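Asker: Working from the sequences, and respecting the hints, build out all of it.
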Amino acid sequence: KNEVEQSPQNLTAQEGEFITINCSYSVGISALHWLQQHPGGGIVSLFMLSSGKKKHGRLIATINIQEKHSSLHITASHPRDSAVYICAPSQGGSEKLVFGKGTKLTVNP
Amino acid sequence: DAGVIQSPRHEVTEMGQEVTLRCKPISGHNSLFWYRQTMMRGLELLIYFNNNVPIDDSGMPEDRFSAKMPNASFSTLKIQPSEPRDSAVYFCASSVGRPTGELFFGEGSRLTVL
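First to last, the protein sequences are chains A and B. Counting from 3, one number per residue, gives the positions in the first sequence under my numbering. Counting from 12, one number per residue, gives the positions in the second sequence under my numbering.
A hint or two may mislead.
[Unchecked claim] DSS-like cross-link-like pairs, simulated, lysine-lysine; straight-line CA separation at most 30 Å:
| id | chain 1 | residue 1 | chain 2 | residue 2 |
| --- | --- | --- | --- | --- |
| 1 | B | 89 | A | 98 |
| 2 | A | 98 | B | 35 |
| 3 | B | 79 | A | 103 |
| 4 | A | 103 | B | 89 |
| 5 | A | 55 | A | 70 |
| 6 | B | 35 | A | 103 |
| 7 | A | 70 | A | 98 |
| 8 | A | 98 | B | 79 |
Rather than coming from a laboratory, the hints here were simulated on the basis of the structure. None of the values given here were measured: they were computed from a predicted structure.
Answerer: Structure follows, in structure tokens:
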């Protein structure tokens with residue numbers, strides 16, 4: 003069983019839709035990162051959170067430590083949001099990240 | 012700050028050759044990470060340093076791989092001898108360190124070993 007499970011693996015949406023990407027993990031963590039990677043591009047850190055909720059523009063990330071679950075939400079999705087989104091918890095007590103396989107999001111105009 | 016700087020951006024080499032990838036972290040960041048990304052395995056941590064000291068190298072595939080961080084502003088990842096299965100994108104990232112800080116990634120070095 004993978005230590006980090008993301009769902010869905012692929013997601014296609016129409017511009018303006020509300021998007022949710024889920025991440026479940028089995029390792030004990032100190033923090034969880036959400037990363038964004040555009041096709042052929044580099045990797046950008048969207049959020050790092052260890053509890054509760056964080057919001058940045060149209061993006062919202064939540065985490066439930068007890069349930070070992072995190073979600074990334076995108077409100078009013080836009081074609082430029084098309085990318086792979088990767089969940090990466092850091093194992094408790096270290097900076098070592100364990101990576102999910104990513105969710106490929108395509109937002110059509 | 013210019014961000015995390017990696018070089019070369021692209022490298023094509025022949026099997027058996029030595030490959031050296033370079034990384035300059037963001038000034039003031041005390042943790043540096045080397046990751047590898049392939050289609051089959053996704054992102055994997057190879058090694059990370061804190062205050063120039065290797066903390067966890069359990070992801071380094073085998074003895075052909077080595078990494079150094081001689082000072083706070085420079086790190087290298089060396090593959091000798093290279094093999095076709097080493098073909099991947101290698102990312103360097105840095106953070107302000109413990110407790111876990113936000114990660115900043117370089118643009119990656121795409122390695123092709125023929």
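Asker: Next, verify each hint and record whether it holds.
Answerer: How the hints compare with the structure:
Between the alpha carbons of residue 89(B) and residue 98(A) the distance comes to roughly 21 Å, so the proposed pair stays at or under 30 Å and holds. Restraint check: the Cα-Cα separation between residue 98(A) and residue 35(B) comes to about 20 Å, which is no more than 30 Å; the hinted pair holds. Using a Cα cut-off of 30 Å, the hinted pair residue 79(B) and residue 103(A) holds, with the two alpha carbons roughly 28 Å apart. For the hint linking residue 103(A) to residue 89(B), the alpha-carbon distance of about 26 Å falls within 30 Å, and the restraint holds.
Pair hint residue 55(A) plus residue 70(A) holds up; C-alpha atoms about 14 Å apart against a cutoff of 30 Å. For the suggested pair residue 35(B) and residue 103(A), the alpha carbons sit about 27 Å apart, so the restraint of at most 30 Å is met. A C-alpha spacing of about 17 Å is found between residue 70(A) and residue 98(A), which places the hinted pair at or below 30 Å, so the restraint holds. Restraint check for residue 98(A) and residue 79(B): the C-alpha separation of about 18 Å stays at or below 30 Å, so the hint holds.
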